[in-house]
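Since the structure of chain A is already known, use the hints to place chain B on it.
Order-wise, the sequence lines are chains A and B. Under the numbering used here, the first residue of the first sequence carries the number 46, and numbering increases by one thereafter. Under the numbering used here, the first residue of the second sequence carries the number 46, and numbering increases by one thereafter.
Certain hints may be false.
Some chain A residues close to chain B (C-beta under 8 Å, calculated; not the full set) [unchecked claim]: (1) W226; (2) R227; (3) A285; (4) A294.
No lab work stands behind these hints, which were simulated from the structure alone. None of the values given here were measured: they were computed from a predicted structure. Just so you know, even glycine gets a beta-carbon here, dropped at the ideal spot from N, CA and C.
The chain contents come next:
2 protein chains.
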Amino acid sequence: MKRLIFACILTLVSVLPAAAQEVTDTVLDNGMDVVVIEDHRAPVVVHMVWYRAGGADEPAGKSGIAHFLEHLLFKGTDDMEPGEVHRVVAENGGSNNAFTSYDQTAYFERIAADRLELMMTMEADRMRDLILTEEDIKTERDVILEERATRTDNSPGALLNEQMQAALFMNHPYGTPLIGWRHEMETLNREDAMAFYRKYYAPNNAVLVVAGDVDPDEVIALAKKHYGPLEPTEGLEPRARPLEPVPLAPRRMTLTDDRVGQPYVIRNYIAPSRATGAQEEAAAIVYLSELLGGSSATSILGRALEFDQKLAVSTFTGYSAEALDLTTFTMGVVPAQGVTLEEAEAAMDAEIARMFEEGIDPEQFERIKTRIRANDVYARDSARGLANRYGRALTTGLTLEDVKAWPDVLQAVTPEDVLAVAEKVLQPTHSVTGYLVAPSLAPSLTPGGEEEVGQ
Amino acid sequence: MKRLIFACILTLVSVLPAAAQEVTDTVLDNGMDVVVIEDHRAPVVVHMVWYRAGGADEPAGKSGIAHFLEHLLFKGTDDMEPGEVHRVVAENGGSNNAFTSYDQTAYFERIAADRLELMMTMEADRMRDLILTEEDIKTERDVILEERATRTDNSPGALLNEQMQAALFMNHPYGTPLIGWRHEMETLNREDAMAFYRKYYAPNNAVLVVAGDVDPDEVIALAKKHYGPLEPTEGLEPRARPLEPVPLAPRRMTLTDDRVGQPYVIRNYIAPSRATGAQEEAAAIVYLSELLGGSSATSILGRALEFDQKLAVSTFTGYSAEALDLTTFTMGVVPAQGVTLEEAEAAMDAEIARMFEEGIDPEQFERIKTRIRANDVYARDSARGLANRYGRALTTGLTLEDVKAWPDVLQAVTPEDVLAVAEKVLQPTHSVTGYLVAPSLAPSLTPGGEEEVGQ
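Just chain A, with the same shape it has in the complex (with noise of 0.2 Å):
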C-alpha cells in the first residue's frame, strides 16, 4: 500500500510544472510589502496580512499578548461591530482566520476573486483602527486561558515540551510558550494589548500577499488605496531578540504525570533555520530529519527500532527551518510494551551512531530527494500554500529570492552534506532529553531525593 502510494507521487511530479506561478513584489510608500501571486485556475483569491510580531517579540512578563491581540482582532473598529469580519466573510461565501506563531502574526481570507477589495477595505481597518473594550478583554482572557487549559495544562507532552524549551533556550524568548505562562496570561490587560497592537500593526510592519485569480496592477491599485493612506509606526527597528550563548552541558528532565497513558523519550537540539544559517545548511536538516523518522517504514529509526528491533510503536522527527532566530530539531522514540525509556533512547542513539559510522544509504537518499520535490509541488499547486510560503518566509528574514531558491537548494542537497550538518547539529551539548512518565513507571519519589532510598 505504501508502495503504491509512493509510485503515485512519483507519476504526478512528473506531470505537474515546475514554477507556473507569477510572483510580484512592491514595496508601498508607507512601508508596506505587497506580493501579488498569479494562479488564474480557479475565480478564488487568497488575501493575508502578516505582521512581522510575535510570541518573541512580546516584551518581558507579557507572555501570550501576540496570541491574545490575534483574538482581540475580531473585535470592533470605529467602522466595524465586533465579528464584522467573520460574518461578511461567510456572507461572502468565503472562509477566514488568524495564527500567531513566534515570528508573526497571520489573517487570512479565500473567497471569490472579485471580493478582494472587501477584504481589503475590513483589513485594512483593523490594522490601525482597533477598539477595545474592558468587557472585549474580560470576555477574550477567559477564552485564551481556556485554550491554553486545553491544549497546555491537560496535555502532560504539551507540558514536557514547555518545560523542555525553556530549558533548551537560556535567553532567548522562544524559551517562553507562544501560548503563554499562565500566571501572566492571568495579567495581560487593555494597554498591554493596544501597546503591542499600535508598535507592530502598521504597515511597515506587515505583508500583504494575495494569491489567485487577479491581475498585479489591479492589486497593487487596491492595495495603495486601501492600505497606502495607512500611517506607519515611527522608529521603529528590525528585530534584535536576546540570542543564545554558547549551550555547554546536555540537559535532561523527567516530566511525571498521572495522566500518561504512553510514556515517550523526546530530545530537542538548537538547529540554525534557513535565516540564521545558510539555507543550503537548513536544507540539509530537512533531509536530515526525513531520513532519521520521516517515514516508518523506512526511516533509519523507524525501520530499526520499529521493524528490525520491535522496540518502538513509533519513532519521530522534526525540524521548522522557517524561524528568523535559531530553531529546535526535535527526535523521540515511543517504546514497546515492556521496553524502558532508557533502552529506547539508547537505542535512538546507537542508530545515529550507525548512521555516522556507516554513512547513508543512496538509494534511501534518492527516496527522500524524490518526495522532497514532490511536497514541494503540491504545496506550490494551491494558491493558499503559496502564500503561506511567501507570507512565512517575508516575515521570517527571508527575501522572495531566498523563497525562489529554495526548491533547487533543496535538490542539490548531497548525503555529505547531511552528515555534516548532523554532526553539527547533534551535538549532545545543544540538547534537552525528555522523559514523560506515569508515576507507576517512574522512580518513586520522596521530598528531597529522586529515589526513595532506605526503606
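Showing chain B alone in chain A's frame:
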C-alpha cells in the same frame, strides 16, 4: 579544636549587648531613603549608597550592564576627574569599593568620621552627573570581559552554575548571569550604560546608609544639603520582574570539561526569600542549610558522608535569604576517590530521606540555634556589617521592621518549622541537578548521542 572555638563563641555571646545601636530612618523630599546607625566605639564612618537596580533589572539582551555601569561609575563627572573617588578616599586614609548583585548596586567608603561630608559630595556628584567617553567604554568593557574570563570562563564550576541557573529560572532574569553572557557583554555600549544610569541612579531609587561615629541630625542635615537637590527619575515604578511558572520536571545536566580536577554533584532548588515568603519561612531555611551542610563535623551531610561513610571529601549547602524575588537553595557533594557522582547523589538523597523519617536531633538543633545567634551578634558588632544588613534589606523588598525582627524570627524557629519548610523546598520538580566531570570520567560522547554504542 572545633569544640574549643565553639565554647569561646558561647562566652562572647553572653557578654555582648544584644542591640546596642540606634537606627534612624528618614525620607528626603526627593524620595531618597536615609538610614543612620549610631556606633561611637571608633571615630570612623561607613558611608554607603545603595541603588534599587541590579542584574535582574537589565533590559533583555543587555546582560552585564548593571555591573558594567558599576565599573564606569569610577570614571569622571562634571566636577571630578576619572579615578578621583579612589584617589580622594585613599588620600584621606579611607577605603572604598562597590559591588553589583541581582537586586542592587552599592558604593561604599569607610573613612574617618570627620570626612563624611567629603564622601557625600563625591557620591552625590556621581549619582546624576556621570560623564562617559567612548574611550571609557572601550577600556572598561575589556576589563569586564577579562573579569568574565577569569571568574567564569576559566572555571568549569562557575560555568556549570551559570548553565544550571539558566535552566532553573525559566522566566525570571535571575537565570541570566550577573556578569553577563559574553556575546551580549561584547556589544554593551555607551548608550546602554547611560540609559540604565539615567533611569536607576536617582535619589528616589537610592538608599543612603551611614553607620558609625555620627550624630543622626547632622547626617540628615548633610544628606539634605548634598543629596536633597538631586532630581528624582520621573515615573519610576516599583520593580516587577517576570515571575516563575510552576516547575513540573526535575532537570539534570552534566558539564564535561578538561579542566575539572575534582568532580562533584550539585543541586539547586528554587526557594522563597525573606521578601517573597514569610520571614519565618526564610528563617527555617537558614536552619535547614546549617543542619544539612553547615559544618563538616556536625551537619547531617558532613557527618554521614564525610565521617561515617567516607564517601565524600566535602559536602555543602547554601541559601541566600535576601532576594527581591525567589532565591536558590543549594546542596552538593564532592565525592571521595573511587566514589561515583551517582553514588554520592544517592547517599545525599538517602540522608535527606532519613531526616524526614527520623526527624531532627534536638541537641544538634540547639547548637545551630546558638551558632546563628552568635553569627548575628558578630555581624551586628561591626558598623559595616550593620550598614550592609540594612542596605541589602531595604533594596530587596524588606522594611526596617523586618530587619529589626529578623534575629528574633531566627531564634523562634522550631525543628517542626524546619521539616515543614524542607518538605516545601526540597521538591524534585523544583530542582536542577548538575554533574561536573572530567572527560575521562564522563560517558564517552559521539555526535548525536550521549553514549557511544555499538563500537
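A quick look at each hint next to the structure:
1. W226: At about 4 Å, which falls below the 8 Å cut-off, the nearest Cβ of chain B leaves the hint on W226 of chain A intact, so it holds.
2. R227: 7 Å, holds
3. A285: 7 Å, holds
4. A294: 4 Å, holds
Consistency with the previously given hints is maintained throughout, with no hint failing.
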